[in-house]
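Chain E is fixed; fit chain H onto it per the hints.
Chain by chain, the residues:
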Amino acid sequence: MRFYEYESKALFRKHRLPLGESRVVRSADEARSAFEAIGGPVVLKSQVLSGGRMKAGAVKFADDADEAAAHFESILPIVIGGESARSVLVEKKSPVAQEYFVAITWDGRAKRPVLVFSDMGGIDIEEVAETHPDHVSKTHFSSILPLSPYIAKEAIGATGVSGTALNKLTPVVFELMKIFLDYDLTLAEINPLARLEDGSFIVLDGHIDMEAEARGGHKALLDELGIGEEETRQARPPTDFEIAGARVNAVDHRGVAGNVVEFDGNLGLVIGAGGGSLTLFDAVRKHGGKPANYCEIGGNPSVNKAKELTKLILSKPGVEKIAVMMNVVSNTRVDIVARGVVKGCIESGKDPAKTIAIFRIPGAWEDEGFKILRKYGVEYCDRSVSMYDAAGRAVAKLS
Amino acid sequence: MPGLFIDVTIAPEIAKDAAIARKLEEVCPVGIFAADDGGVKIVEENLDECTLCDLCLDATPKGSIEVTKLYES
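Protein chains in written order, with the working numbering: chain E, 1 to 399; chain H, 1001 to 1073.
I should point out that these hints are in silico values taken from the structure, not numbers from a laboratory. On a predicted model such as this, the values are computed, not experimentally measured, just so you know. You may find that some hints are simply not true.
[What the hints assert, rightly or not] Only part of the chain E face toward chain H is listed, based on derived beta-carbon distances under 10 Å: (1) 333; (2) 336; (3) 339; (4) 340; (5) 365; (6) 374; (7) 375.
Backbone N, C-alpha and C define an ideal beta-carbon position, used for all residues, glycine too.
Next comes chain E alone, as it looks inside the complex:
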């Protein structure tokens, strides 16, 4: 779940990171007032969740109140990545001497957070990593052991930063590491983190993503920032299909059968289990299949939820077949899912035998599940068939 820049900065301010004076404005008059309150040159920045604001012309500098109001009027209507601006942030313009980059994200392969630091901030970090690899450091750290500032100091020092800059940057980077862990973030980024002409440091732009599943645990913060439960904050607004999927999942408390993401392919996917969704989705694509959706099922959803999810997926135009596949399940019952998908096909007016391209859910109560599938003539397989091969069988049935 993404935060707007002004929300990220509110969190940073709470943790005493150095920030310039700023105001969030929603009208030209407010922009004018903000300029006068801040006093002096300001920068106006469109508040959208997507990147590319500078390239889109949605970041502008103003030297007087009238200019600030005019820039507000020109910035607000700019649509970036299909997204309209929520508001505009007016912030004091800072005399920058040097820009740095710092970000913490999760490294799935290392199964640990990774701190990325560069003394060449303000530009695309991937480009810096390619052209000036000696100016980028990557440092993994534990999310379990106590944090120590020396980790931040080593990461900064690895790019050649030393002396006063090193000493002043360390507490800022260290605080960002703590924020990342304390709020269950998937990304905490400051770019640029600037050294001003007077030698002080300041956060010029910040970006935060919170793990969506962690929202409940941080309700107080989200309330404080005014982020409502209805705000999904995904990279794009949810489609009608995705909204319907969320409704299916909310029908009762039992398990998960939803979290759908819409794609434009023709193979419906009822997939899940311990990372199985991602693996299976990739496997389908590797075999040349075109998924109609991504989804997650698990935690033993009710028959009704599995049924409604199946009906929803089959309601997509062009979707004639679904693949029902999971990793080996222990707390989800195979027979319950089998009942749900078979019933979903029947209530959609389709023959389960012709509609379910493959059923590959091994695990708890699989013998009972297989009885149901045999009764309805559905092709199924057990754990002796890999998820990859099962995906291949499903894709083959479409050609």
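Positioned in the frame of chain E, the structure of chain H alone reads:
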């Protein structure tokens, strides 16, 4: 709508027993039984949710409840 996969029948001799009705309503984790008008009735839309836990069988005299897997017939 009757179940597609599961059917449950109740013997007439317990169908009007209010105490058993309450017990069945309490033990079934998926709401297949509802105490009603001094007896018990089957909530048909929940039949396919049956988890085959046998709690209803344990809560009633032997043979008075029958759970049938329709997919085995």
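Against the structure, the hints come out as follows:
Interface restraint check: residue 333 (chain E) against chain H, minimum CB-CB distance 8 Å, threshold 10 Å, status holds. Taking 10 Å as the C-beta cut-off, the interface hint given for residue 336 (chain E) holds, the closest approach to chain H being about 7 Å. Nearest Cβ of chain H to the Cβ of residue 339 (chain E): about 5 Å, under the 10 Å cut. The hint holds. Contact between residue 340 (chain E) and chain H, as hinted, is supported at the beta carbon level, the nearest pair being about 8 Å apart and thus within 10 Å.
Given hint, residue 365 (chain E) at the interface with chain H, holds; its Cβ is 8 Å from that chain's nearest Cβ, closer than 10 Å. Interface hint at residue 374 (chain E): satisfied, since its Cβ lies 8 Å from the closest Cβ of chain H, which is below the 10 Å cut-off. Residue-level restraint check for residue 375 (chain E) holds (minimum Cβ-Cβ distance to chain H is 4 Å; threshold 10 Å).
In this structure, none of the earlier numbered hints is contradicted; all agree with it.
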